[in-house]
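**Q** One letter stands for each residue in the lines below.
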Amino acid sequence: MVIQSKRRRVLPGFGLSMGYTLIYLSFIVLIPIAVLFVKASTISFSEFWEIVTDKRVMDSYKLTFYTSFLAAVVNAIFGTLIAWVLVRYHFYGKRFVDALVDLPFALPTAVAGIALTAIYAPNGWIGQYFEEFGIKIAYTQIGIMIALTFIGFPFVVRSVQPVLQDLDRQYEEAAATLGASSSQIFFKIILPSIIPSVLTGFALAFARALGEYGSVVFIAGNMPMKTEIVPLLIITKLEQYDYSGAAVIAAVMLVISFLLLFLINFWQWRTARKHQVS
Amino acid sequence: MGIKIRNVTKAFGTYTAIQDINLQIQKGDFVALLGPSGSGKTTLLRLIAGLENLDAGKIFFNGIDYTAKTVKERKVGFVFQHYALFKHMTIFENVAFGLKVKPRKIRPTKKEIKEKVMELLKFVQLEHLADRYPAQLSGGQRQRIALARALAVEPEVLLLDEPFGALDAKVRQELRRWLREIHQKLNITTIFVTHDQEEALEMADTVVIMNHGKIEQIGSPEEVYEKPANAFVYSFLGKVNEFKGESLVTNFPHVKGTEEAVGYIRPHEIVLHQQSNENSIPAVVIHINKAGSTVRFELKRLDTDELFEVEMTSDHYKKQGPFHKGEILYAEFKNIVLFDRKTNSIQTEKNVQGEVVSAISSYMS
Numbered sequence: 001m002v003i004q005s006k007r008r009r010v011l012p013g014f015g016l017s018m019g020y021t022l023i024y025l026s027f028i029v030l031i032p033i034a035v036l037f038v039k040a041s042t043i044s045f046s047e048f049w050e051i052v053t054d055k056r057v058m059d060s061y062k063l064t065f066y067t068s069f070l071a072a073v074v075n076a077i078f079g080t081l082i083a084w085v086l087v088r089y090h091f092y093g094k095r096f097v098d099a100l101v102d103l104p105f106a107l108p109t110a111v112a113g114i115a116l117t118a119i120y121a122p123n124g125w126i127g128q129y130f131e132e133f134g135i136k137i138a139y140t141q142i143g144i145m146i147a148l149t150f151i152g153f154p155f156v157v158r159s160v161q162p163v164l165q166d167l168d169r170q171y172e173e174a175a176a177t178l179g180a181s182s183s184q185i186f187f188k189i190i191l192p193s194i195i196p197s198v199l200t201g202f203a204l205a206f207a208r209a210l211g212e213y214g215s216v217v218f219i220a221g222n223m224p225m226k227t228e229i230v231p232l233l234i235i236t237k238l239e240q241y242d243y244s245g246a247a248v249i250a251a252v253m254l255v256i257s258f259l260l261l262f263l264i265n266f267w268q269w270r271t272a273r274k275h276q277v278s
Numbered sequence: 001m002g003i004k005i006r007n008v009t010k011a012f013g014t015y016t017a018i019q020d021i022n023l024q025i026q027k028g029d030f031v032a033l034l035g036p037s038g039s040g041k042t043t044l045l046r047l048i049a050g051l052e053n054l055d056a057g058k059i060f061f062n063g064i065d066y067t068a069k070t071v072k073e074r075k076v077g078f079v080f081q082h083y084a085l086f087k088h089m090t091i092f093e094n095v096a097f098g099l100k101v102k103p104r105k106i107r108p109t110k111k112e113i114k115e116k117v118m119e120l121l122k123f124v125q126l127e128h129l130a131d132r133y134p135a136q137l138s139g140g141q142r143q144r145i146a147l148a149r150a151l152a153v154e155p156e157v158l159l160l161d162e163p164f165g166a167l168d169a170k171v172r173q174e175l176r177r178w179l180r181e182i183h184q185k186l187n188i189t190t191i192f193v194t195h196d197q198e199e200a201l202e203m204a205d206t207v208v209i210m211n212h213g214k215i216e217q218i219g220s221p222e223e224v225y226e227k228p229a230n231a232f233v234y235s236f237l238g239k240v241n242e243f244k245g246e247s248l249v250t251n252f253p254h255v256k257g258t259e260e261a262v263g264y265i266r267p268h269e270i271v272l273h274q275q276s277n278e279n280s281i282p283a284v285v286i287h288i289n290k291a292g293s294t295v296r297f298e299l300k301r302l303d304t305d306e307l308f309e310v311e312m313t314s315d316h317y318k319k320q321g322p323f324h325k326g327e328i329l330y331a332e333f334k335n336i337v338l339f340d341r342k343t344n345s346i347q348t349e350k351n352v353q354g355e356v357v358s359a360i361s362s363y364m365s
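Protein chains in written order, with full-length UniProt numbering: chain A, 1 to 278; chain B, 1 to 365.
In short, the hints are calculated from the structure, not lab data.
There's no promise every hint is true.
To be verified - Examples of chain A residues toward chain B, derived with CB under 10 Å: (1) 168; (2) 173; (3) 174; (4) 175; (5) 177; (6) 178; (7) 179; (8) 180; (9) 181; (10) 188; (11) 193; (12) 271.
In this text, a Cβ means the ideal position worked out from N, Cα and C, and glycines have one as well.
Bound-form chain A, shown alone:
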């Protein structure tokens, strides 16, 4: 059987490349994560349950997933819009705007966090205008979402942009000759073609937001049960030398994240497949 399947392969180098992939994945991803789970399993189940169901921990889980999800949704919508503008319109300084998109990747997240805090604080440039209406941005969940949106937004732009670029104009033209209005063309023709890439970008932005620490800690205010995110809680535990506690929180976080990402990817795979079978 093994020999047969080997013979049928057209591309050479399967053994070497697959071996490299496995070693690479093991050292960089699988072994560190395994160690995390080993560490988490050094305590009894009742202790584990106690740590996980602690109100402060539960609230931080909720906060992290909730804000990350909303930030990713915002990014999915506005990232698609930015990609659209960058692909479809020609304007002066387009290359510059295009380069700006990658900035959140290059900037140390702590710097981004401090800058955002300075602007959105009640006495900051933008924050003062919201303060007049009694809306606080920094040190609230809104602030966390802004920080998470900032660090996640290149993902959607960069995953949608190439797909939009390759989109054949003839489909839009065909729809137009059949009497479709421009909004109908967008929602019925263009959107279905780019939705798999939007989902990819969404999943990446969501995953990035879940693990984000640097930019959030400055703008969040870090009030337990209100604006305390999971990564911060883990750091706090570590600072108290509570290694197994930190490992437990991290392991649970990891499992939930994995399940969510798996779901998103499954959804993305299904929509993509529908297009291709096609």
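Based on these hints, arrange chain B on the given structure of chain A.
**A** Chain B in isolation, oriented as in the chain A frame:
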């Protein structure tokens, strides 16, 4: 729907795709826009559809100025070269698209849409494929669906961009016949673009021959083939042998040509003999292709070393007895047609059609 195109010009940057074109298309006509690639034929079709904006001139549909109307308002059926079927929709949804996007007020009910779509699918004989996706269909089937989709909105004019360009020879033949039948049944004004002269001559009622963004000749297939307006039309419609300069002037005794002239003759108009006579030119047989109903020869003139092609029916070939490679035969150039080289140069701003060219000297054997 009758279409009138008046002094239309379209440029892409510095490249002029369409140059001051005038064309009138009668209601119910079946028109081929024929020309080599880059002749502007597709651009003209897209201008009619409203997919491109024109730089100058006007387009009238049934006498009404449609120049400023959008694609949507023009209500034309357009079939794209690569079909442009929506990949994420089934065949049914593709055909139904034009009906579903109508404003709510005039949109047919779901049941009506379903009936209409199934009727169209039956019309193109593909009703069994309603639930498939475009990628699961063959090229010929996709082309039919593209046509059914265009017909769903009941357009008054049907525009097809190289409709059979991407299909293999057999399917193409079948679809040509089928499209003609559809035109006869529905009698809607149909304009199609092609670079294949055979396709244009076989299918169309009116052939519009284009070159370098201009119309070279308009006429029925017989007219353009029998009475080509100029050298371009003559050489574009079918195979030709070209002779010019020295070899034309000195070696065709019966031709009163000049240095300025260029002579054309179709391969089937050359007669081969095994004995020489006063008007024949000796040539050696380089290649013989006997497949099919016509026999094709490639010969080389002994005097000027020029290559030329000759065709004859296989019956005729049988009567004349077999020729062999390397044999010397005597070719008689009946009906060689001369064109003045100047009037056909692209640079001239004069109307080429008006100035028909040098004398056509014919010689009877």
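**Q** Does each hint hold? Answer for all of them.
**A** Hint check results:
1. At about 8 Å, the closest approach between the beta carbon of residue 168 of chain A and any beta carbon in chain B falls short of 10 Å, and the interface hint on this residue holds.
2. Annotation: interface hint on residue 173 of chain A holds; nearest CB of chain B at approximately 5 Å, less than 10 Å.
3. The beta carbon of residue 174 of chain A is positioned within 10 Å of a beta carbon in chain B (closest approach about 4 Å), and the interface hint is therefore held.
4. For residue 175 of chain A, the suggested interface contact is upheld, since its CB lies about 7 Å from the closest CB of chain B, less than 10 Å.
5. Interface restraint check for residue 177 of chain A: the shortest CB-CB distance to chain B comes to about 4 Å, inside 10 Å, so the restraint holds.
6. Because the closest C-beta pair between residue 178 of chain A and chain B is about 4 Å apart, less than 10 Å, the hint holds.
7. Satisfaction of the interface hint for residue 179 of chain A is found here, the shortest Cβ-Cβ separation to chain B being roughly 5 Å, below the 10 Å cut-off.
8. A distance limit of 10 Å between C-beta atoms decides the matter here; for residue 180 of chain A the minimum to chain B is near 4 Å, and the interface restraint holds.
9. For residue 181 of chain A, the interface hint holds, since its Cβ comes within 10 Å of a Cβ in chain B; the closest pair sits about 7 Å apart.
10. This hint holds: residue 188 of chain A has a C-beta 7 Å from the nearest C-beta of chain B, less than the 10 Å allowed.
11. A cut of 10 Å between beta carbons decides the hint on residue 193 of chain A: the least distance to chain B is about 7 Å, and the hint holds.
12. Contact between residue 271 of chain A and chain B, as hinted, is supported at the beta carbon level, the nearest pair being about 9 Å apart and thus within 10 Å.
Consistency note: the structure conflicts with none of the earlier hints.
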